[in-house]
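Trainee: So the sequences go chain by chain: L and H.
Using this note's numbering, you'd call the opening residue of the first sequence number 1 and step up by one each time.
Using this note's numbering, you'd call the opening residue of the second sequence number 1001 and step up by one each time.
A couple of the hints might just be wrong.
[Said to hold, decoys possible] Okay, the calculated beta carbon distance ranges per label pair: (1) L:Ser158 with H:Thr1122: 43 to 49 Å; (2) H:Thr1002 with L:Asn319: 36 to 42 Å; (3) H:Arg1015 with L:Gln58: 39 to 45 Å; (4) L:Gly284 with H:Ala1061: 21 to 27 Å; (5) L:Arg65 with H:Arg1015: 37 to 43 Å; (6) L:Arg378 with H:Pro1044: 45 to 51 Å; (7) H:Thr1122 with L:Arg65: 39 to 45 Å; (8) L:Thr12 with H:Ser1162: 20 to 26 Å; (9) H:Ile1145 with L:Glu216: 55 to 61 Å; (10) H:Thr1122 with L:Glu91: 50 to 56 Å.
[Stated by the list, open to error] Derived, one-sided and incomplete: chain L residues facing chain H with beta-carbon distance under 7 Å: (11) Pro4; (12) Gln107; (13) Lys114; (14) Leu243; (15) Arg244; (16) Pro251.
Since the hints were derived computationally from the structure, they do not count as laboratory data.
For every residue, glycine included, the Cβ atom is placed at its ideal position computed from N, Cα and C.
Number of protein chains: 2
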Amino acid sequence: MTAPDFNRLFSTRARELQSSAIREILKITELPEVISFAGGLPAPVTFPVDEMRAAMTQVLAGNGREALQYSTTEGYAPLREWIARRCSTPEAPVDADQVLIVSGSQQGLDLLSKALVDAGDTVLVETPTYLGALQAFSLFGPKFIPVAADEDGLLPESMDESMRGAKFLYCLPNFQNPTGRLLPEARRRQLAQRARELDLLILEDDPYGALSYDGETPPSIRSLAPERTVYMGSFSKVLAPGLRIGYVIAPPALRAKLVQAKQATDLHTATLSQMAVYEVIKDGFLDTHIPTIRALYRDQCQAMIDALERHMPQGVRWNRPRGGMFLWAELPRGMDASKVLAKAVEQKVAFVPGAPFFAADPEIESLRLAFVTVPPPRIEEGVERLAGVIRSFA
Amino acid sequence: MTAPDFNRLFSTRARELQSSAIREILKITELPEVISFAGGLPAPVTFPVDEMRAAMTQVLAGNGREALQYSTTEGYAPLREWIARRCSTPEAPVDADQVLIVSGSQQGLDLLSKALVDAGDTVLVETPTYLGALQAFSLFGPKFIPVAADEDGLLPESMDESMRGAKFLYCLPNFQNPTGRLLPEARRRQLAQRARELDLLILEDDPYGALSYDGETPPSIRSLAPERTVYMGSFSKVLAPGLRIGYVIAPPALRAKLVQAKQATDLHTATLSQMAVYEVIKDGFLDTHIPTIRALYRDQCQAMIDALERHMPQGVRWNRPRGGMFLWAELPRGMDASKVLAKAVEQKVAFVPGAPFFAADPEIESLRLAFVTVPPPRIEEGVERLAGVIRSFA
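If we strip away everything but chain L, and leave its shape as in the complex, we get (with noise of 0.2 Å):
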């Protein structure tokens, strides 16, 4: 009763595959006892726990067997109707036709990669980029090749023609994860221009856009140039994570390679879960709810900065997002911020370092604090924490 050799069963890309950065936060977040501003777990007071108790209800009493059958790959039609009107704009409508269901929007990640990268392919990204992108992206074999950017995020004049050629570039222009930063209007028309003239498809990744804390975010890209871009939300972040219902928005010949990718992949997204979500929202729900979010989000970012400013030593800085639910921090030069991690877990105070987000020449100062899982006086206490055991390593 010999097992296979399974290291000669795997293929190249699950031999590659590491134990995942994220995957071991989870795991520390998870001790009840940490201050943990690793995980990018939004807060559960927002949740919309009795109107979706209520949708589940009424969906299930009005359209029981339809909402447990199998449905189509596509998604639920009133849902794609009702997306594809909140990303309309004048100068680039979308039609319910472009958009695509998927299960939370890491698996627009997947079905993008499995409709464009060939191994070897060229696939631009940010400095830094989402974690959970570079994994996704990782397991089509592309080679990453990343975009210089500044405190304002990526530098479009710095796009040259090694650039040309690239499968898409990849950005998060609203409150990136991991930094908060925010993407300049006109670093965006930038963008879209020369996105053009290097002939290159863009890839919007936009599941922060709504947590904007005065309300305004600059236009999308995809309302620049909406002929070569791909834009991707979700509604995690503005109702509940834990549903896996993102979309994704793209030209109509890909987003048929999508569908036929996605079909293959999990035939589709579940049905039950993509009526319920259209029973909340349709009324108008988010216009109420998502500036409850902000507010609650804007708060505590503001008590993450006091705190910082109160408690860190010299050397350390820190950036003061507009939105979102992270904040980008740096030690003083040379401090590997993964090794502050481990004294700090012993301290009970948890953070993400910010190497893992670079495709290349990672920054080992930097690091990713999340301020919106822990409550204000939880953050005070753990940013105190976090500022003893940085000085005990200067």
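Given the coordinates of chain L, assemble chain H onto it according to the supplied hints.
Mentor: Using the frame of chain L, we list chain H on its own:
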């Protein structure tokens, strides 16, 4: 505003994707006036709508915030434990740590492909085999080698040394899709033995095993060769397919890679859906529910066999499944089922031609008839229409 040339951007696998037969079939079945034996849709009368509504209310009232939050990639622990207990046999116990919850067992096929298949690898499949599996595997570029079969399923004695080195053998031993065939116990034992001799991994896909009309099935292949079998199960046919909840039971080394692949693919399966499924089944619901599905499907199967006997012209043959949702038929020699389908749809009756289910050398005369979606009087009417179409070809 010229769009990029997507034909240049598509991956090799995307370029090879064709508009899927299953997909076109589902479109046909959507027309209400068509009597469809095409779709593999479980009978909606069997869906536990009231129980699901009660479970959703219970879960959201008791653990609403947990149910709507991100959760672990492995899946909801109580559900994994339930599955482990359910699938354990004295000779082949299952630990909850071997179970991975997936977004429908179709996703199991995607993740197993990711973990195991490099382009050009050999994958062994039955003759014929599940079309959705061919589609899932195909995204990763394997070379398919069919294993010979007769009316009782695959023939282990036909597996020779040329199959050594294959990444796995994929099989559906219980009431197979598309044929409804049940692999006898003696062949399962031969298969386990042959797999050991050739050092092969087996993927045992078992969505229909619970739908045995007499309640019996031979031992699972996993129970006969646990060290080299991956078992895939699903709640789609015993509870409801629209929930998209399936599971994979794998040897530990492989399961670890599947978890990593799933994390990159969609983070995790919807928390609320997993908790609601567990809430429905935890106190033995399936033990009373499954027999009602079996009785219904047995009667529908008999209704179709009776109708075939009454109406089909000479030269048309079919099998008599002892479980599941499908029956396999053969038209008179040389009659192309896909041509018959085109005419049948004009007469408002649909089925699936068998050819796409063959990895090689399709039998153009074969076809699959699903007897569970349409009630008996419509089965009678549909078979009569279909018999008329076939007569017009003879």
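Trainee: With reference to the structure, classify each hint as holding or not holding.
Mentor: Each hint, compared with the structure:
Taken as a hint, the range 43 to 49 Å holds for the pair L:Ser158 and H:Thr1122, whose Cβ atoms sit roughly 45 Å apart. For H:Thr1002 paired with L:Asn319, a C-beta distance near 37 Å keeps the hint of 36 to 42 Å intact. The hinted range of 39 to 45 Å is satisfied by H:Arg1015 and L:Gln58, whose Cβ atoms lie roughly 43 Å apart. Roughly 25 Å separates the CB atoms of L:Gly284 and H:Ala1061, a value that falls within the hinted 21 to 27 Å.
Here the CB-CB span from L:Arg65 to H:Arg1015 is close to 38 Å, well matched to the stated 37 to 43 Å. One distance hint, 45 to 51 Å for the beta-carbon pair L:Arg378 and H:Pro1044, holds here, with the actual separation near 48 Å. Separation of H:Thr1122 from L:Arg65 is about 42 Å and conforms to the stated range, judged on CB atoms against 39 to 45 Å. The hinted window of 20 to 26 Å between L:Thr12 and H:Ser1162 holds, with their beta carbons roughly 23 Å apart.
The supplied range of 55 to 61 Å is met by H:Ile1145 and L:Glu216, whose beta-carbon atoms lie about 59 Å from each other. For the pair H:Thr1122 and L:Glu91, the beta carbons lie near 51 Å from each other, so the given range of 50 to 56 Å is met. Interface restraint check: L:Pro4 against chain H, minimum CB-CB distance 5 Å, threshold 7 Å, status holds. For L:Gln107, the interface hint holds, the least distance from its beta-carbon to any beta-carbon of chain H being 4 Å, beneath 7 Å.
For L:Lys114, the interface hint holds, the least distance from its beta-carbon to any beta-carbon of chain H being 6 Å, beneath 7 Å. At about 6 Å, the closest approach between the beta carbon of L:Leu243 and any beta carbon in chain H falls short of 7 Å, and the interface hint on this residue holds. The interface hint given for L:Arg244 is met, as the beta carbon of that residue sits about 4 Å from the closest beta carbon of chain H, less than 7 Å. Given hint, L:Pro251 at the interface with chain H, holds; its Cβ is 6 Å from that chain's nearest Cβ, closer than 7 Å.
Every hint from the earlier list agrees with this structure, and none is contradicted.
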